[in-house]
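Protein sequences appear in the order of chains A and B.
Its first residue numbered 1, the first sequence is counted upward by one per residue in the working numbering.
Its first residue numbered 444, the second sequence is counted upward by one per residue in the working numbering.
One or more of the hints may lead you astray.
Unchecked claim - Pairs of lysine-lysine, DSSO-like flavour, derived with a Cα cap of 27 angstroms:
#  : chain 1 : residue 1 : chain 2 : residue 2
1  : B       : 464       : A       : 178
2  : A       : 234       : A       : 178
3  : A       : 85        : A       : 178
4  : A       : 85        : A       : 330
5  : A       : 442       : A       : 178
6  : A       : 332       : A       : 85
7  : A       : 330       : B       : 695
8  : A       : 212       : A       : 178
9  : B       : 695       : B       : 560
10 : B       : 464       : B       : 563
11 : B       : 537       : B       : 695
12 : B       : 560       : A       : 85
13 : A       : 409       : A       : 234
14 : A       : 330       : B       : 464
15 : B       : 563       : B       : 537
16 : B       : 694       : A       : 332
17 : A       : 442       : A       : 75
18 : B       : 695       : A       : 332
19 : B       : 694       : B       : 563
20 : A       : 75        : A       : 104
21 : A       : 104       : A       : 442
22 : A       : 442       : A       : 409
23 : B       : 537       : A       : 75
24 : A       : 330       : B       : 694
25 : B       : 560       : B       : 694
26 : B       : 464       : A       : 212
27 : A       : 332       : A       : 178
28 : A       : 104       : B       : 464
29 : A       : 75        : B       : 464
30 : A       : 75        : A       : 178
Just so you know, the hints here were simulated from the structure itself, not pulled from any lab data.
Residue strings, one per chain:
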Amino acid sequence: MAIASRHFEVTINPARFMTSSATVLFVGALLAAVLCVAAEGAADYRYPYTDPYQATVYGTPPDQIHRPGPAVSPKLRAIRIEGRKVPDIFSYSADMFYSTALQKGEAPLIFIIAGTGAEHNAIKMEFLTQVFYGAGFHVVALSSPTHMNFVISASRHGAPGYVPHDVDDLYRVMLWIKEVVEAEQPVSEYYITGYSLGAMHAAFLAHRDSEKGDFGFRRALMINPPVSLYHSVKRLDSWLTAENLGEVTVREQIASLIARFSDYYRDADITDLDDNFLYEMVTRVNMDDVDLRTLIGVDFRLSASSMIFATDVCLRAGYLVPPADYPLTKSKPLMPYAEAAFDISFENYMDEFLLPYLQHLDPSMDRYTLMRQSSLYDIRSYLMESDKVVLIGNTDDVILNDNDLAFIKSVFGERARLYPTGGHCGNMMYGPFVEAMLAMVKL
Amino acid sequence: MACVPLALVLVLGGCGAAVTKRADPALNLEPTGFRTEVNHWPQAGGNDLDFMEVYDPWEPMNRHIYDFNAGLDTYVLLPAVGVYRTVLPAPARKGVSNVINNLNELPVLVNCVLQGKVRKGAITTSRFLINSTFGLLGVMDLASDAPRLQRQDEDVGQTLGFWGVGNGPYFVMPGFGPSNLRDTVGFGGDSLLLYLEMMQVYRLAGVRNTWDTAVAEMVVRTINRRANVPFRYHQTGSPFEYELVRYIYTKKRELDIQR
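For reference, chain A alone in the conformation it holds in the complex (with noise of 0.2 angstroms):
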């Protein structure tokens, strides 16, 4: 989710906690070292937001974000893929774009791959490959194979979604990494982890490495992983319908948030609208479950239709645009693609063009074997059987039903890590979590 705001500015107020650590002291010297104790017991995890909903839209307070060390500059790289056939209208997406930041010296290689629609240096993806650079990693960051940049620049067959292609497409990528990296630095073992969409690859590419052995990957840790991802993707579908909404529309509810955050930017006594600024503007508009709802499937679905619009143009398959507005040049409006590419859910899209064209370069495809391979169940035994592969995630998350979450703790057992609260990814820059992740990866 792009929604939480980036906020690496740390504001830590000691007076402030000086005064209320005193004043218990006043109160009593018995009281006070009763509170530490109890504080002690429940100090390991205390993630603010107990409502899933606010947890995946709001992230973390910027207070209690974990801080990785020094800061590094990732380097941009890109990888051409020399004779492709881009579109005219996405020549300046040619490239497909990822960053790294490696040690000097040999150090273990950790692969991170974005969640739905996410670019490799998404804040999500910043503040990972912080981390385990930080940890004494060379940090390769991916784009998610759903974001357009890699459907347009590298993706075999133009239509993400289907797990099987995405995981081909990202394995191949990363063997054309690995020899770049290695030319400029040593490695000693590889790693890979993910996060939601990317944590369901990072695990499919274990598996795939298991048979391949290109990378002999020492753990895959995935971060809030999808189980299934049509059953994931069909909960956030249905927060834009009538079932979240009732009677109100879509364009009613979506012009209701605008309003509210307006009026808060039009109150407002500041001009430099910081990272701080955007937290407080999102924490402190009045929004219930429903809002909170509506703006986690708006993100969700813009992701979507930019995906939609970019694998039609590519594919040329008539879905969105007509053969008859070809060749899109870069002077053509693009609104009117946009408003009917928003109309479309994802169901919709697997429905009508993903399964379609799958049946197309494979006639023997079917619905049950595209859902099917693109969750957690088609790798159930590798899963149960490898120690290397290890989760990380939450019980209250928004995109897992109880049978996500009973298969997770069935097949992952000890190997699983579930916190009680932090939504989707919501507490992913929290502190006690990302020790926990590192622990996890290093173990």
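Dock chain B against chain A, hints included.
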């Protein structure tokens, strides 16, 4: 003077992505012959995103300018910012930014007056006085330490809007980015105010070669402005970036005029 940064850009420029080339005929994105049976072609009429529509009769031209600006950003401005960041340490850059912001307080004040905004005008005046004196000619932004003395933002475009002048057509200014007809006129007005102010400043400072100094100042202002805007072209991850930027710009200006 002005040639030094330009030369540095040319020497260190092009420090974008390091590209690795690969060839694989299977990845050439050849036509597959596949067509979907169902389609979602654009249709006229009500829609969930119609609030994002902006009056943009010059759109084809604007989109070309947007594309040009993206190229300018990638090949000139961002490399220049890179050099700037290498040459000047962060505290010095902060000082430069503060001095420029301080000089910009005067046009802001003029616009506060033109709109009869007393409180904003008073804040801007206080800021200018404090920062120009105790802040050592604006190098330090001491005023911002006070919650009630935050920097205000008014310009001629907002003043025109305040007095009822509509947006006019959306317009992407070459080299400067999103605007509209009213704000482009306003930009001219603000530039004139700054010109008048800077001529006085040069006179007070005893600058003889005003032309070269003005060019150098322009370069520094441009690089400083770019360094302080986090926006990057083609980083929204959306093929509809032009539309998103157009909407956000228009909405923000609408709110700024009301502020």
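Hints the structure violates: just list their numbers, smallest first. Numbers 2, 10, 12, 27, in rising order.
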